[in-house]
Amino acid sequence: MAETVQQEMERLLTEAFSPTRLDVINDSATHHGHAGDDGSGESHFTVVIEAPAFADKSRLERQRMVNRALGDIPGERVHALAIQASAPTP
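Just so it is clear: in the sequence shown, position 2 is 7 by our numbering, and no numbers are missing.
Don't read these hints as lab results, they were simulated from the structure.
Quick reminder that beta carbons are idealized off the backbone N, C-alpha and C, glycines included.
Any given hint could be a false lead.
[Stated by the list, open to error] Simulated restraints on C-beta separations:
| # | residue 1 | residue 2 | range |
| --- | --- | --- | --- |
| 1 | Ala7 | Pro95 | 35 to 41 Å |
| 2 | Asp61 | Arg82 | 27 to 33 Å |
| 3 | Thr94 | Leu65 | 17 to 23 Å |
| 4 | Leu27 | Glu81 | 18 to 24 Å |
| 5 | Ser63 | Gln12 | 26 to 32 Å |
Let the hints inform the model, and build the full structure from the sequences given.
Dropping the structure here:
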């Protein structure tokens with residue numbers, strides 16, 4: 006069985022960052038009929054990720070790291086991706 010986009014994102018982010026928290030939330034249903042809704046049910050996502058790799062990184066650097074780890078998913082296979090990336094608090 007092929008992975009869903011959500012499952013693929015979870016796998017890629019887990020492999021790249023070994024996060025202490027990871028939530029990949031499919032927001033597509035709330036955007037049904039809006040621009041970017043391709044009817045697949047996998048067009049809009051929110052990623053909430055906490056990982057030590059984000060320590061001492063700016064918000065922009067953290068977002069770039071997440072986008073890099075996801076490869077062609079943002080912009081190519083997913084229309085919208087909201088990213089909340091942080092480092093664990095000590």
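Q) Looking at the structure, which of the earlier hints fail to hold? A) none
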